[in-house]
Structure formats: C-alpha cells, structure tokens
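S.K.: All chains should be built: construct the whole structure from the sequences, respecting the hints.
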Amino acid sequence: MNKFLVSNITRFVILVLVQVLILNNINFLGFVNPYLYVLFILLLPLNLTHYKVIFFSFLMGLTIDLFEDSGGINAAASVLIGFLRPSFLRFSFGISYEHQTVKFHQTPFAQRFTYISLLVVIHHLVLFSLEIFNLSYIILILKKTLFSSIFTILLILIVSGIFQQNKR
Amino acid sequence: MQQIVNFLIKYKNTLLFLFLFLLSVFFTIQSHSYHKSKFISSANFLTGGIYSWVNNIDMYFNLKEYNERLVDENKFLRENLAALSEKELDSVFLDTISYDAPYKFITAKVIANRYSRLDNFLLVNKGENDSVATDFGVITSRGIVGIVDETSNNYSRVISILNTNSAINVKLKKTNHFGTLKWNGKDPNIVQVEEIPRLAPVKKGDTIHTEGRSLIFPKGIPVGVVENYQLKNNQNYYDINVRLFNDMTNIGYVYLIKNNNQEEIKSLESNE
Numbered sequence: 001m002n003k004f005l006v007s008n009i010t011r012f013v014i015l016v017l018v019q020v021l022i023l024n025n026i027n028f029l030g031f032v033n034p035y036l037y038v039l040f041i042l043l044l045p046l047n048l049t050h051y052k053v054i055f056f057s058f059l060m061g062l063t064i065d066l067f068e069d070s071g072g073i074n075a076a077a078s079v080l081i082g083f084l085r086p087s088f089l090r091f092s093f094g095i096s097y098e099h100q101t102v103k104f105h106q107t108p109f110a111q112r113f114t115y116i117s118l119l120v121v122i123h124h125l126v127l128f129s130l131e132i133f134n135l136s137y138i139i140l141i142l143k144k145t146l147f148s149s150i151f152t153i154l155l156i157l158i159v160s161g162i163f164q165q166n167k168r
Numbered sequence: 169m170q171q172i173v174n175f176l177i178k179y180k181n182t183l184l185f186l187f188l189f190l191l192s193v194f195f196t197i198q199s200h201s202y203h204k205s206k207f208i209s210s211a212n213f214l215t216g217g218i219y220s221w222v223n224n225i226d227m228y229f230n231l232k233e234y235n236e237r238l239v240d241e242n243k244f245l246r247e248n249l250a251a252l253s254e255k256e257l258d259s260v261f262l263d264t265i266s267y268d269a270p271y272k273f274i275t276a277k278v279i280a281n282r283y284s285r286l287d288n289f290l291l292v293n294k295g296e297n298d299s300v301a302t303d304f305g306v307i308t309s310r311g312i313v314g315i316v317d318e319t320s321n322n323y324s325r326v327i328s329i330l331n332t333n334s335a336i337n338v339k340l341k342k343t344n345h346f347g348t349l350k351w352n353g354k355d356p357n358i359v360q361v362e363e364i365p366r367l368a369p370v371k372k373g374d375t376i377h378t379e380g381r382s383l384i385f386p387k388g389i390p391v392g393v394v395e396n397y398q399l400k401n402n403q404n405y406y407d408i409n410v411r412l413f414n415d416m417t418n419i420g421y422v423y424l425i426k427n428n429n430q431e432e433i434k435s436l437e438s439n440e
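Top line first, the protein sequences correspond to chains V and A.
Just so we're aligned: 31 in the working numbering is position 31 of the first sequence, and the numbers increase by one with no gaps anywhere.
Start counting at 1 in the second sequence, then tack on 168, and there's your number in the working numbering.
It should be emphasised that the hints constitute simulated quantities derived from the structure, not laboratory data.
C-beta: ideal position from N, C-alpha, C; glycine also.
Some clues are possibly wrong.
Derived pair list, reagent style DSSO-like, types lysine-lysine, alpha-carbon separation capped at 27 Å [claimed, not checked]:
(1) 178(A) / 52(V)
(2) 143(V) / 354(A)
(3) 180(A) / 52(V)
(4) 272(A) / 350(A)
(5) 342(A) / 143(V)
(6) 387(A) / 342(A)
(7) 180(A) / 277(A)
Listed below are several chain V residues computed to face chain A (Cβ distance under 7 Å; list not exhaustive) [what the hints assert, rightly or not]:
(8) 58
(9) 65
(10) 72
M.R.: Dropping the structure here:
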C-alpha cells in the first residue's frame, strides 16, 4: 500500500509539472499539444476500486485546469475516462483482466495499444469539445483531436516503454 | 429508506462520476462567460509560485531581445521628449490642485503565456499587494495585451486580447471611426476589428489604436496595422484583419495601467 502511494504520488507530481511547464508550450503547428498526464490515469493500479479511479482522475484533471486557466475541461475529460476505464480494460485485455492477472507492461502490444488509443481519443474529443464549446468550430475540434491524439499516443508509448525497461 | 440506501450503494460509482462530471462542466461553462470564471484560476500561490520559479530561469534566454525592446522604447520616448522641449512650454497650464495624474503605470512580468486556445489567459507577477485590481489595462511598449481579470495577493490573471470573450474599443488613427477589437481564434498575430462603418476611408497599412472612451486604456495605445479588409454585400460595416504590433507569443515585461478617475466616472454614470 505504501509503495503504491509513493509511486503514484511521485508520478502525479512529475506528470503535472512536465505537462504544464514543458508540453503545454510545444504548440506544434500552432495548436498541437500532447497531453501526457493521461498516462497517470492509464497506469493507476488495475485492481484499484472504481470510485477511487474516478476520484483520482478528477483530481488530476482539476490540477491541470488550475494551471491552465481552462475552467473544468481537463477535469471533465479525465473523470469520463476514469469512469470508462474498467469497460475498456475488459474490452482490450479480455477475460484475463477479470481474473486480475494482468500486469500492464506484460500485455501484448496490440492490446495495450487498443487500450491507450481508445482512452486517449475519447479524452481528447471531450477535452477539445468543451474547450472550444461551439458547434460551428466542429472541424477545428476534430482536427485538434486527431493531431493531438497521435502525438499523445506516441509519447505515451515511448514514455511507458522507457519505464518498462527501467523496471527489469 | 432502505431501498434508497441500496440504490445509492449500488450506483455509487455512477453517481460519483455524474457529480464530478457535472461539476467540471459547470466550471467550464463559467470559464466561457466573461468575468465569471472565478473558481478555477492560476492566480494563486501554488501555481503562480511554480510558474514564476520556472520563469526566472526561462527569462535569461530572452534577455537580449528584452534589452533591445527597452532601447527601442527609450529611443522613442527620447525623441518625443526632445520634440516637446523644442516647443515653448510656458503657455501650458499646470493643474497643481489635482494631485494624481489620470493614469498610473505598474510594471510586471508575464510568467505564463498561452495563445494556442480560443480563450487565452496570461499570468503576471504583480497582485493586490502591489495595488493591482481587476479592469486594469495591460500593455507593452509596442502595444495592447489585455485586461486584468482576477487578482490574488501576488499574482494577477489577464484576459488576453487573444480570447474570444474579449472586446475592446479601438479606432482608426487618421480618422475617428471606431470599432470593436475581437479575435476569431485562428492566428495569434491577426485580430479582427468589427463595426467600422463603410463610410470610413480604410486602407491597407492604416494604424489602429485604442480609443480612450473606455475607462481601461488611455487614448492612443497602439494595436496594429490593417492587414486586409472586406465589405460584404449589403453590409454597413467592414470586416478588418489587423496585424498586431506585439508579438503575443513572446511578451516579457508589461505595464499595468490604473485609471485614477475610474471610480469617479463609474459613480457618475451609475447616478444617471
């Protein structure tokens, strides 16, 4: 329990700082930013109780909103994927998730990729819809979702790959 | 009663989710309406402290450019000063009774700058302790930046002109036709001026500056030059694109402007 707490709090702080101090200033092509902090929600222990997942997701999103002056858009998107996480775990990893025998880094790449992409795309779609909050900008919403999702998924795969090597 | 408790226990995850989700959406809706986004703001000691700590390091990389800007501004002010002393000043009436100048300037440093979203805010490192309050204008030596929106003890949040909620009175420099400065969210260097009537002689390259009727900005703060304009069929107003003098992606130091007559004028207006 203690180890879980320490590693997750460290991950929380580092991801928040990396997100607000570095990644939010990338503005590739003027509008494309990766949202790496989603990794925190993806990597929460798989056997964590559902309401705790929802609550921690909300806390993460709200912290990012506090830094970004963006109202509650990150909180809303995060709490949604925190809520949907068990369903997507079941969908991506199948029956082995139900028996709680899955270790995130030992899953096949295809399953992990499905899980990450699904949550990231939904997170980004909600995030940008709420950020722009105007249906007449729907093309911009979809464009931002597409490009930022690609960027985020790549970055998440790279970062989780690096940490996987460290653990061996 | 038992059934209600059972219901709550059974659906506690969904209920928690719905509650937190609606709370976030409420914050979001607040943030999209002008002057109401009070709950979630980066003007507090934690986020402000972290931003200003990092900005202290970041600042060194821009020192050269900020120095050049300062020299440019000094040159401009010196030229004005020299031109002023050329004229005979003896006929100017100095009002010694009113103590305050109409405008007071406070210097500050931008510690967080955003320009990639539709509703952008800046964070500056002066707050209530430096007598900053809401509705102070924010400018640089080159031009207009935004309006102070919320303050804490040591930090203030500024609504950038790159915010779809912002609307500022501006006018053509050469005539007195006025319009409203807005932003369509596309290019951080280009803003839009609406409601300039078709009678106005608009040309490419004309200078736009602030109008001075609002209580926030003094008259004549530069904004930008006309990039292009069009007059749609059967419309009485131009749609003008204005290229800003300021580089909104790299602002650095700013001046916050306090209008000392603001309260007096406001109380007069509310008496009507």
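S.K.: Give a verdict on every hint.
M.R.: Verification of the supplied hints:
Simply put, residue 178(A) and residue 52(V) have alpha-carbon atoms about 15 Å apart, close enough for the 27 Å limit, and the pair holds. Only pairs whose Cα atoms come within 27 Å are accepted, and residue 143(V) paired with residue 354(A) is accepted, the gap being roughly 13 Å. For the proposed pair residue 180(A) and residue 52(V), the alpha carbon gap of about 11 Å is at most 27 Å, so the pair holds. Annotation: proposed proximity of residue 272(A) to residue 350(A) holds, straight-line Cα distance about 26 Å (limit 27 Å).
For the hint pairing residue 342(A) with residue 143(V), the CA-to-CA distance comes to about 41 Å; that exceeds 27 Å, so the pair is violated. Using a Cα cut-off of 27 Å, the hinted pair residue 387(A) and residue 342(A) holds, with the two alpha carbons roughly 13 Å apart. The straight-line distance between the Cα atoms of residue 180(A) and residue 277(A) is roughly 47 Å, outside the 27 Å bound, and the hint therefore fails. Taken as an interface hint, residue 58(V) checks out: its beta carbon lies about 5 Å from the nearest beta carbon of chain A, inside 7 Å.
Taken as an interface hint, residue 65(V) checks out: its beta carbon lies about 5 Å from the nearest beta carbon of chain A, inside 7 Å. About 3 Å separates the beta-carbon of residue 72(V) from the nearest beta-carbon of chain A, less than 7 Å, and the hint is met.
Checked against the numbered hints above, the structure breaks hints 5 and 7 and satisfies the rest.
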